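Student: All chains should be built: construct the whole structure from the sequences, respecting the hints.
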Amino acid sequence: MNDSLTVALAGNPNSGKTTMFNALTGARQHVGNYPGVTVEKKEGHCEHNSDKLHVVDLPGTYSLTAYSLEEVVARDFLVHERPEVTIDIVDASNLERNLYLALQFLELGIPVVIALNMIDVAKSRGMSIDADKLSELLGVPVVPVVARSSKGKTELMDAALSVAKKQQKQQPFEISYGEDLDSAISEMKALISKAHFLTDTYPARWTALKYLEEDKQILEKGRETDPQVAGKLEKIVERVKHHINTTMDTYPEALIADHRYGYIHAIMKQDILQRDDNSDRMYFSDMIDKVLTNRILGPVIMLLILMGLYQFTFTYSEVPVGWCESLFGWLGGVADVALPDGLLKSLVISGVIDGVGGVMGFVPLIMFMFFGIAILEDTGYLARVAFMLDRVFRIFGLHGSSVMSYIVSGGIAGGCAVPGVMATRTLRSPRERLATLLTAPFMNCGAKLPVMALLIAAFFAKHEAFVMFVLTLLAWAVALMASRLLRSTVITGESTPFVMELPPYRLPTMRGLLIHTWERTWQYIRKAGTVILGISILVWAMMTFPGLSDESVQQFDQQRKAARTAQPEAAQELDAAAEDAELSAAAGELQETLEGIDRKEAETALRNSVAGRVGTFLEGVSSLAGFDWRTNIALVGGFAAKEVIVSTLGTAYSLGEVDPEETGALPDTLAASPGWSPLVALSLIVFVMFYAPCFVVVVCIVREAGSWKWGAFSMVFNTVLAFALAVAVYQLGGLFV
Amino acid sequence: MKKQHGLRQMKVKQKGVIVAVNAKGELGRRIRDMGLVPGTELKVTGRAPLKDPVALRLKDFTLTLRNNEADYITVETEGE
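Chains as they are written, first to last, in this note's numbering: chain B, 1 to 737; chain S, 738 to 817.
Do not rely on the hints blindly, as some may be mistaken.
[What the hints assert, rightly or not] With a straight-line Cα cutoff of 25 Å, these simulated SDA-like cross-link-like pairs (lysine to any residue) come out:
id, chain 1, residue 1, chain 2, residue 2
1, B, 166, B, 107
2, B, 241, S, 809
3, S, 752, B, 126
4, S, 761, B, 253
5, B, 216, S, 759
6, S, 780, B, 268
7, S, 761, B, 181
8, S, 780, B, 238
9, S, 780, B, 255
10, S, 788, B, 477
11, S, 748, B, 287
12, S, 761, B, 497
13, S, 761, B, 126
14, S, 788, B, 268
15, S, 788, B, 496
16, S, 761, B, 238
Calculated directly from the structure, the hints in this document are not laboratory data. Treat the numbers as computed from the prediction; the structure is a model and nothing was measured.
Tutor: The following block contains the structure:
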């Protein structure tokens, strides 16, 4: 829409910004990313009195420094895209701190309307706010609203539109920063105005302030634009800094913040806010916290809630996951009947349908997980989890919130790293977030379980439960240690400050939860779907091409023919028999012989394929961990999905495709094979637990980390680590056995 | 009698007023953005099960910070 007006929504986190966004746009919204960064960009449309509006929900921030990605994104949008009006959503029950950001918008000189949100909550706490007086003092419209119930929405949009249509240049707000800074600011401002230094984008005074705050982004821009002026400005800043440091033992940035808060404090004193109650009143939230963050009860309740989330995600999603599986199973069946045998059929069934089915199979899981997390997030409980666990996770360079991602990924065996990696979105600290999403795939996800179950059944049948328990602990230990390692090597940097708001407990709205869940899920389907289909076809091709030579195909045909001619009657009976018909002893025997030849052919074909050749080629190295070429091929196939390891092992051992849930003869075959021993099995279990995540997870890592670099890193790093551990198990174990 | 000391030394339920914030860089900015500036009244509402981080109530909201971050903040409390 070209002629539509752009309205930006800005404000503190937890100020009800997203609720207002949902109230305005309803389902007409779209979630994307800001170019080049992983910060979410939410846009939508709405109409007000026949005006078409383009609404953008900016990331929630406390300030407009260059300190976090969210803040840079928000302020870049405001100065470069120049929305016709910015609605600053302010939490009325927490006015002082929220006005700190509002003041910065005013200083930036952009057209602003302030929405006093949650005015009902403020009232219930005995506060009354004089909106007209506030509007008068700040020089912008102030409208009381309740975003949850859309109260005041019309008045707000009326005010916003009248500001937007005026198209007047808003005069940047000026406040005093004390004698020392004020004189420096005027000196700098004169210099800036005269040289037209960055004045196309920022008000002169604002640039001067940012220089005093030593704002990285502005300093860099300044040097690029006009090194001479930039140099002069920096010199002034040096001088002021030195002066303030010696006379007041502080620095300009701190002084600026103090004055902003001082200014707000002075405004509030002019009868803006009345409290009919002493301020020490215990709010409802504090009472809940007395229980939920209690020293003893707190952790117990948290464990129960996290287990509940896990149950909810994986148990209740079973039914829709089952629907998905039967749908794609049915599609596969249709294709099986409709298409002639050959490459096309194999491509459609094993490449396309299995690939897309694999992607769609995760959809219910993701929906359930995000719904559960949205509840924890919107109620405010997630911040308490981070609060309680921070001390433990900090040791490993992580954040208290990392626990969610770990548990969903399989910290309780049987999760899935796809929703686990996506769950890291709730983390606001960039380094901790990256470390979490790179290590979450070490957990024992549901697809690794069949592989473990197979090997445990074959070699450690007596101690099944105990081995599973030890493996769960091992997964946690390795994930945490790996994170520690990453944080001291690849993702270095101090831990992000924990300073975090504990938002008051709130009852989430169903509408908010559903919108939240749906947009995340849709994003997954849209972005991941295409890439995953491509990779699925690639893996299929690796395990199919090059096909067997004509010669060896003929050889197998001849073997079949020979078997048939040896028993002509049985062959006749077999051809005539219906699928489930009872066969005579001779025909049954012939059928088994023929199937044996088929399986032998499949094994030979697999060994001849690219994957097979890679597997054979790697045998020299992999024998250090006790893996032969058959295992190697299975591991290559496991990149598509870990449970494929079981079915591929079946093919490699000439048992035909093996159903991961129903391994049949495979455990016995493995146990009886000369190349296998409990030690090999243990080494393989360790390798499967920690090597490259399946490609669906890799695609998610790429999306969440924002670059292919991290996807590639996780494949290489995990595989090297897993191999080192497997070799250690095999070689050290060999000394004792 | 009033006395000044680090925020870390405050007990649960104790009240105080910030007199100085000495953190620089990212941490300092973050602390100030949240309204922890000199003159602000606060009360320690609780500590995490492992005694760290600490939860503070400011006038109209609650926030948490780690003990080593609290060390940068000097408060004035009513001594016993």
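Student: Run every hint past the structure and note whether it holds.
Tutor: Status of each hint after checking the structure:
1. In summary, the hint linking residue 166 of chain B to residue 107 of chain B is supported, as the alpha carbons are separated by about 19 Å, within the 25 Å threshold.
2. Proposed proximity of residue 241 of chain B and residue 809 of chain S is supported: the alpha carbons are some 20 Å apart, at most 25 Å.
3. Among the hinted pairs, residue 752 of chain S with residue 126 of chain B is consistent with the structure: their alpha-carbon atoms are about 22 Å apart, no more than 25 Å.
4. Proximity of residue 761 of chain S to residue 253 of chain B is assessed by CA-CA distance (about 9 Å); at most 25 Å being required, the pair is judged to hold.
5. About 21 Å separates the Cα atoms of residue 216 of chain B and residue 759 of chain S, which keeps this hinted pair within 25 Å; it holds.
6. For the hint linking residue 780 of chain S to residue 268 of chain B, the alpha-carbon distance of about 21 Å falls within 25 Å, and the restraint holds.
7. A distance of roughly 19 Å separates the Cα atoms of residue 761 of chain S and residue 181 of chain B; the hinted pair therefore holds under the 25 Å criterion.
8. Taken as a hint, the residue 780 of chain S and residue 238 of chain B pair is broken in the structure, with Cα atoms around 37 Å apart against an allowance of 25 Å.
9. Between residue 780 of chain S and residue 255 of chain B the alpha-carbon distance is near 24 Å, which keeps this suggested pair within the 25 Å criterion.
10. Distance check on the hinted pair: residue 788 of chain S and residue 477 of chain B sit about 24 Å apart at the alpha-carbon level, within 25 Å; holds.
11. The suggested pairing of residue 748 of chain S with residue 287 of chain B holds, with an alpha-carbon distance near 19 Å, which does not exceed 25 Å.
12. Between the alpha carbons of residue 761 of chain S and residue 497 of chain B the distance comes to roughly 12 Å, so the proposed pair stays at or under 25 Å and holds.
13. Of the supplied pair hints, the one linking residue 761 of chain S and residue 126 of chain B is violated, its CA atoms being roughly 37 Å apart against a limit of 25 Å.
14. Among the hinted pairs, residue 788 of chain S with residue 268 of chain B is inconsistent with the structure: their alpha-carbon atoms are about 35 Å apart, more than 25 Å.
15. Under the criterion of a C-alpha separation no larger than 25 Å, the hint pairing residue 788 of chain S with residue 496 of chain B is consistent with the structure, at around 19 Å.
16. Of the pairs offered as hints, the one joining residue 761 of chain S and residue 238 of chain B holds, with about 16 Å between alpha carbons and a cut-off of 25 Å not exceeded.
Hints 8, 13 and 14, counting from the list given before, are not met by this structure.
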